[in-house]
Amino acid sequence: MTLQIRNGRFDVLVLAGPGIQRWPGLGVRALSTLCSDMGLSVGLFGGEGLRVRGVLPSSGTGGVAIVEDSQGRIHRVESRAIVRVCEQTEFPDPFPGWTEPALLPLSSALRLRREGQTVWSPSTAILGAGNRALSFGCELLEAGVAEVFCIEWGAAPRGWEVYRRRFEMLGGRLIEAMPMGLKKKAPLLWEFRVKDAIGVRVLEVAWVVSAGPFASSDGMREHPPGSCLFELEQSGGMTLEEDPQGWTLEEERGRLLGVRIIKALGTPLGASADRSVTKANREQLEESQRRARSRLKRALRFLDAPLDWTHEGKWSSVDARNRLRSFAGVPKKEHLVREVASIECIEEIECSICETACPEKAISISRSQGVFLNESACTGCGKCISACPAQVPVLIQEKEALPVAQITMGLPPWSEFKEKELVSVSNRKGAPLGSAKVLQSSREEGWIKLEVPSHLAWEARGIRRTRFQVEDEWVLKAEKTAASKVEVQLQGEKRMLRMGQSLALALFETGFARGDDRLLCRDGSCRRCEIRVDGVKKLACRTQVHRGMSIQLLDRSPIEDSDLICPCSQVRSHEVIQKIREGKLNSPDSIRQACGVGEGSCRGRACIGAYQRLLQAEGIECSSWIDWRFPWADWTLSV
Amino acid sequence: MSLDREFAVDIALVGTGVASLVAAQIFLRRGWSVLHLNPDHDFFIENSELPFDPSVALGPGKALSHGVLDSLRADRARQILEPEFPGSIEGWSREKGSEYFDPRAPFLRSRSWNWIGSPDHEADFLKLEEKGWHPQITEGVSAARRIPGFTYRGETPVTIRGLSLPKIADIDVNRYRNGVLEFVRSRMDANFLVTSASAIEPTPEGVRFYQAGVPRTVKLRQGLRIFRTPRLNLWCQSIGLEPSQESKIWEEWTLISRDPLDPSQLGFVGLSSVWAKYEGAPSGPIHELGVFSPVLEGEKVAGPASFARLGGLAQRVLNWDRFSVRDLKERRISSPPQTEPEFGALGKIRWMWGSDGALVGLVDRVVRFCSEEKE
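Taken in order, these protein sequences are the chains called E and V.
Its first residue numbered 1, the first sequence is counted upward by one per residue in the working numbering.
Its first residue numbered 640, the second sequence is counted upward by one per residue in the working numbering.
Just so you know, these hints were derived from the structure itself, not from any lab.
Idealized CB from N, CA, C, for every residue including glycine.
Heads up, a few of these hints could be off.
To be verified - Pair ranges (Cβ atoms, derived):
#, chain 1, residue 1, chain 2, residue 2, range
1, E, D37, V, G923, 24 to 32 angstroms
2, V, E885, E, Q616, 18 to 26 angstroms
3, E, R9, V, G919, 40 to 48 angstroms
4, E, D37, V, K939, 26 to 34 angstroms
5, V, G919, E, T278, 34 to 42 angstroms
6, E, R532, V, K939, 36 to 44 angstroms
7, V, G852, E, K538, 54 to 62 angstroms
8, V, H773, E, S59, 55 to 63 angstroms
9, E, R298, V, G919, 30 to 38 angstroms
10, V, E885, E, G72, 30 to 38 angstroms
11, E, T636, V, R792, 13 to 21 angstroms
12, E, R298, V, A647, 52 to 60 angstroms
13, E, R532, V, S922, 21 to 29 angstroms
As the list claims (entries may be wrong) - Now the stretches of chain V that chain E is said to cover, found in silico as 3 or more residues with beta-carbon under 8 angstroms:
#, stretch
14, 659 to 669
15, 817 to 825
Whole structure, please, built from the sequences with the hints as guidance.
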């Protein structure tokens, strides 16, 4: 068989980089729509059927992309401008034990959580406190994990206050600390040392999830300058609810990049000069650019003045209380007559999910005033509660003559409540306040109506769960899956694994994963999960569990070195620093070539973030650097 | 020392890679003041310097008649490289720990070079034997086994013939470049080792250029020396120098071999060369297989012909049913310098054609070029 090659040509190529799971994302859509509206031919390559292998930059601008389709045909596509869509870097700076398999990037942890059945108890630590980290923390807490820590660390971007509030309400703990070491204690149990203002704390965790990025970034870059070779970060999660801010950033960055490309290219491919961008188009472009810039600015504004909900003991501070009651999203008088919504989202965040969800258009979010609630229009339907990813809105009714009030809030997915049952309610920090009576609950619509003492009406915003609920759920889940398990030989021992499951996931579930398995890719592009199945070398991510199989892990002695910045090529940080200082090297490419960082099988996916931060610390500007080595991951071809 | 005012130096060098750096250190050794100008933002962008000359694939006889092989005898290569390198150059035969050993030094390897499938093996054999190269003709499996990456499971008879030459040298280019660069940087003021130099323009008395957007003028006593690589072609034409002869594009692929590779052999198959790729002393099994292939006229980089050549090599020569690509680099190299005069001159400007290609030959030419400068 010979390798078939097909040629193509576009003005703009948008390519999915390694590890991109959502394709095409919001940013890609915004960029491609804008470019094609201006008459440029745009090619999108990514997803399951089309695997982008890499880009060969041209000597001038643009380059050639090599793409392989599902039938093994190779497409050689030339373009004047190329955009690579990349995922955010998730790994932290090296610390003792950072190469251990218990430290998972968020993308792998999400997959393990949704497809696997591993144990996240007794506790899980999450490095980072951005929206995606907090959202994942909430997901674990809702699923019954007893303790989840979000560790705020260095200059990592902070999440929205509404997410932080929800995380704390569910019982999560936010800690400002530095990771100091990770050491195995028992199967699926690790000793994680962190240093906070008081001293070193030891956390016993099942996993440490690394939810970068650990430095703020513009999210789009061009390298080399003037080459029309761009990179766009996919900052949003899989769903809008996971991280609305990430989705907004991604969309507006895509739009801005589109404008930049149109301005750089001007005339569409094969068109005469008179088909270049017209005056009307130019005005449209300027408008798009202005709007995108303004939305980006708004999306990042809350970071300058984050709001912290302050408490005096169990109760909100006077300041916080006054600020809330005077806020335009909170009802002023209608709640004394009937049940109406209270949108307690004071922070000026770029999110309008509740506005879209409201069928009566009672909620409006404006740039100047923030959230505004039209009390008289609100019917108290509760749609805003189920729509909000942070479950901020509540329905509230105070009865002037009675000592009790009625509140309706989001229903935690783990809970089953009966009418008239008594539950424990908590404040916005998750501290217990007292008891409330269940009036009604709707699992389908995701809300619960409670009767609370009237002094708790503006304080109680969460329901606390009992320990037996957690245990019950775990036992139930384990019983359900036991039936589908088959016997295999794993490292010579009998083990029960789920039939048809990916072996890469099975290794994590059984505690046999190695540091090399952490990327947990689906397509074998990193080739790090090599194992021997029935004597034949295979990739764990591409192999499914079947009855009676014999699995041997390849013998790789773990390297324990906190200074190790690139585990694949075994390069240490001090070697990189030494090279920079001795050779006065001044560009990431030259330093990489001189030291060999990122030259291993993962092509820098584990280390490139830490490498860039190390260079920044040494005074080398690399925020707009893009690694254009071909291919992006090892590429296997059949002949 | 600053270049804020008009300044005078002995010589100015313009180059993007190893050649100009080696020249800089030769002139510094003489006690000359040197100004080095590089239009690129660092010395690692130049990609035209190679561990060995891939055009040797055309056959040992041709390489011998072109003088390419002479400088590549292991002992001769050491004689050329060592005096110009400010540090140790290690050989892989040295035992670790027996004496001083720098694990980060450039390694000069001595491998057997093997050509297979050429009809001129007998004629080449006689020519090489006369010159005292001790060639060897090999046949069948023993010939094929000398090609790194060859897999034989005994299914079909192997009928190829090969010619083998022992002890030919190749060297780590990156380590060599880095070593010279570190030395030159330590000896030269940062204002005289200029990267990202723009609008370089020779003047009757010296050279004018922009450094970080600031115009500089430097008087030169000896003149301007240019180390021409394809990257400098456009600039050379802009200052009125004749364009260089056409350059050739080579693809350097890195494949992953399932089985460990023999680091002591280097093979030439058709127009491609294959070798076990590693830096420094071989430690542990080597799985990266380097493949040099030319991009012929009318072909494109990573085009259909490239994949056909690569697929053919994997399937018909190496007996692989699949292969993994780890890396592909495009190498743009000047045509072999022997086809034209090696050096050129115009007034106080002198230049060296083809300041690229195999490192050993390159350093040899730089030394000869510099030796023509009168003290």
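Against the structure, the hints:
1. E/D37 to V/G923: 24 to 32 angstroms: At roughly 55 angstroms between Cβ atoms, V/G923 and E/D37 fall outside 24 to 32 angstroms, so the hint is violated.
2. V/E885 to E/Q616: 18 to 26 angstroms: Check failed, 42 angstroms falls outside 18 to 26 angstroms.
3. E/R9 to V/G919: 40 to 48 angstroms: 43 angstroms, holds
4. E/D37 to V/K939: 26 to 34 angstroms: The hinted range 26 to 34 angstroms holds for E/D37 and V/K939, with Cβ atoms some 31 angstroms apart.
5. V/G919 to E/T278: 34 to 42 angstroms: 59 angstroms, violated
6. E/R532 to V/K939: 36 to 44 angstroms: For E/R532 and V/K939 the Cβ distance comes to about 40 angstroms; the hint holds.
7. V/G852 to E/K538: 54 to 62 angstroms: Taking Cβ atoms as reference, V/G852 and E/K538 lie about 56 angstroms apart, which means the hint holds.
8. V/H773 to E/S59: 55 to 63 angstroms: 43 angstroms, violated
9. E/R298 to V/G919: 30 to 38 angstroms: Given a distance of about 53 angstroms, which is not inside 30 to 38 angstroms, the answer is violated.
10. V/E885 to E/G72: 30 to 38 angstroms: Since the Cβ atoms of V/E885 and E/G72 sit about 35 angstroms apart, the hinted range of 30 to 38 angstroms holds.
11. E/T636 to V/R792: 13 to 21 angstroms: 20 angstroms, holds
12. E/R298 to V/A647: 52 to 60 angstroms: 58 angstroms, holds
13. E/R532 to V/S922: 21 to 29 angstroms: 24 angstroms, holds
14. 659 to 669: With 0 residues closer than 8 angstroms to chain E, the stretch 659 to 669 of chain V misses the three-residue bar; violated.
15. 817 to 825: With 4 residues in contact (Cβ-Cβ under 8 angstroms with chain E), the coverage given for the stretch 817 to 825 of chain V holds.
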